[in-house]
Amino acid sequence: MTVETLTPQRRFRGKPRGRDLPPVALAALRQLLGDERRDPGRQRRDLLIEHLHAIQDAHDHLSLVSLRALATYMDLPMAAVYETATFYAHFDVVHDDQAPPPEVTVRVCDSLSCQLAGAATLKAELEAGVDPQAVRVVRAPCMGRCDTAPVVEVGHHHVLYATREGVESVVDTGHFQPEAIHWQRLDGYREQGGYRLLADCHEGRVTVETLMEALERANLRGLGGAGFPTFKKWTFVRQEPGPRYCAINADEGEPGTFKDRYYLERAPHRFLEGALISAWAVEACALYIYLRDEYPGLHRVLGEAIAELEAAGLATPGYIVLRRGAGAYICGEESAMIESLEGKPGKPRHRPPFVAQKGLFGRPTLVNNVETVYWIPEIWDKGADWFAGHGRHGRSGLRSFSLSGRVKRPGVHLAPAGITLNELIEEYGGGMADGHRLAGYLPGGASGGILPASKADIPLDFDTLQAEGCFIGSAAVIVISDQDELRAVAANLLAFFADESCGQCTPCRVGTEKMLSLVERPEWDVEQLQRLSQVMMDASICGLGQAAPNPVLGLLKDFRDELAGQHVIVRG
Numbered sequence: 001m002t003v004e005t006l007t008p009q010r011r012f013r014g015k016p017r018g019r020d021l022p023p024v025a026l027a028a029l030r031q032l033l034g035d036e037r038r039d040p041g042r043q044r045r046d047l048l049i050e051h052l053h054a055i056q057d058a059h060d061h062l063s064l065v066s067l068r069a070l071a072t073y074m075d076l077p078m079a080a081v082y083e084t085a086t087f088y089a090h091f092d093v094v095h096d097d098q099a100p101p102p103e104v105t106v107r108v109c110d111s112l113s114c115q116l117a118g119a120a121t122l123k124a125e126l127e128a129g130v131d132p133q134a135v136r137v138v139r140a141p142c143m144g145r146c147d148t149a150p151v152v153e154v155g156h157h158h159v160l161y162a163t164r165e166g167v168e169s170v171v172d173t174g175h176f177q178p179e180a181i182h183w184q185r186l187d188g189y190r191e192q193g194g195y196r197l198l199a200d201c202h203e204g205r206v207t208v209e210t211l212m213e214a215l216e217r218a219n220l221r222g223l224g225g226a227g228f229p230t231f232k233k234w235t236f237v238r239q240e241p242g243p244r245y246c247a248i249n250a251d252e253g254e255p256g257t258f259k260d261r262y263y264l265e266r267a268p269h270r271f272l273e274g275a276l277i278s279a280w281a282v283e284a285c286a287l288y289i290y291l292r293d294e295y296p297g298l299h300r301v302l303g304e305a306i307a308e309l310e311a312a313g314l315a316t317p318g319y320i321v322l323r324r325g326a327g328a329y330i331c332g333e334e335s336a337m338i339e340s341l342e343g344k345p346g347k348p349r350h351r352p353p354f355v356a357q358k359g360l361f362g363r364p365t366l367v368n369n370v371e372t373v374y375w376i377p378e379i380w381d382k383g384a385d386w387f388a389g390h391g392r393h394g395r396s397g398l399r400s401f402s403l404s405g406r407v408k409r410p411g412v413h414l415a416p417a418g419i420t421l422n423e424l425i426e427e428y429g430g431g432m433a434d435g436h437r438l439a440g441y442l443p444g445g446a447s448g449g450i451l452p453a454s455k456a457d458i459p460l461d462f463d464t465l466q467a468e469g470c471f472i473g474s475a476a477v478i479v480i481s482d483q484d485e486l487r488a489v490a491a492n493l494l495a496f497f498a499d500e501s502c503g504q505c506t507p508c509r510v511g512t513e514k515m516l517s518l519v520e521r522p523e524w525d526v527e528q529l530q531r532l533s534q535v536m537m538d539a540s541i542c543g544l545g546q547a548a549p550n551p552v553l554g555l556l557k558d559f560r561d562e563l564a565g566q567h568v569i570v571r572g
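Residue numbers (UniProt numbering): 1 to 572.
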């Protein structure tokens, strides 16, 4: 008997696995983005999100054909392109068996401030009044305009104090472009002494050590939430070997926060001078600005301001890199922002190493907040003692409070650090809104916890609220009244965290959803909520999961009588 050796027949593919890519799709992409064969730099991974924006802007959605073309264009796996595109809320990925979204998208902000102003009712009215084949009405997280709630975005145009009639008028007229912003141009800023400090730094009249001493005396801290001393952060980055980078996080997605937008719209060059000085201080080889996509008008303003700097010889062309976010609150966390700058999903990194050691492109990176660097030229010009000399109740410095909710004059109010909520409302907010009585407040946005009216005399500053299980964060103060349903407040905040969780770690991904389901019940199990909160705080990778339980824990601690009065049964 002859044993015949069988040789498996191998089939060799002459093309990559996956669906065929029509040549016309790649040709169209090259026309939109530029020819990568002539400019290999167009294939850099960190440009992926920028390329996705370009396609979304051109076609109002991302088809799978366009994503396959982009994968070929950038020489990336389709899985990497698809994962990134589907991670961010502002990209509409349309599968082959799906129809593209309607030509017009109406986004109704459902943050707490807008909810208090009637956003849910407005959304229902808009849905009932439009043709769903022509107009899509969707909910959206905080748009950074809480002082003009409720807010609706039609295309890229924001409708402030929105009503059904006002939104429908915008839809009918087709005015979908960003609203005009009147900002201080380079000449006007230089006439006031602008960029003088930057010149002194570059020409040796001001040393890094001298400037850092001034920032230490002023007690300038990170004003994006963490409150880390600015001079110390500079020191840590400077200790690391070069090359180094500087990145400014302008992705203020915390519900209730809009101070960075306020300053950028009025004096972008003052911000840019502070950012360039920060980059100089750590000898950064490039300065990146990560701007949230909810600020389309500011993207144009900053682009023009940077062009002015380059034309005036104050910045080397290409040194300042402006990048768009794509709708992801998690990118307010510094390592998630860096992942996004590298063209990836914005998922926080495990630490250590910290971004000061290994940040953007694996190099030491200084990450600062917009308002933090905004104050640097002013502190130098007026003196560290001027800045530190403000303050109340034993605190020092100035704070920019984003005040919204049930007050007569919501807005950004520059006030002494350590001011109390009662003082802030009466002296800056014009008092409570007519017919409303103070019931409680969020001192630091959605993640900063919630305090009752009986604790409205605690100084508002870093390190003053921890004993109450709260923190000031970015000083986003949302005021609630006796007419607001506390369970709805908690559900709004937990729904935000559940939507914005990046999904990387189970305690946050599952915990936020579970806690939302628990607070939506008419009966709250204290032991179950506290046990879940502890797991989330102990085991979540980043601050989102760690801080998500804060509002619920605050309600359990200080609002049990009020919850009972609103027919919420608290057991335990």
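Honestly, the hints are just simulated from the structure, not real lab data. Fair warning: there could be bad hints in the mix.
[Said to hold, decoys possible] List of simulated lysine-lysine pairs, BS3-like, C-alpha gap at most 30 Å:
#1 K557 x K455
#2 K557 x K408
#3 K514 x K344
#4 K358 x K344
[Said to hold, decoys possible] Pairwise CB distance ranges (calculated):
#5 G469 x R351: 39 to 47 Å
#6 T173 x E209: 32 to 40 Å
#7 Q534 x T173: 51 to 59 Å
In this text, a Cβ means the ideal position worked out from N, Cα and C, and glycines have one as well.
Check: What are the numbers of the hints that this structure violates, sorted from low to high?
Finding: Hint check: 5, 6 fail, others pass.
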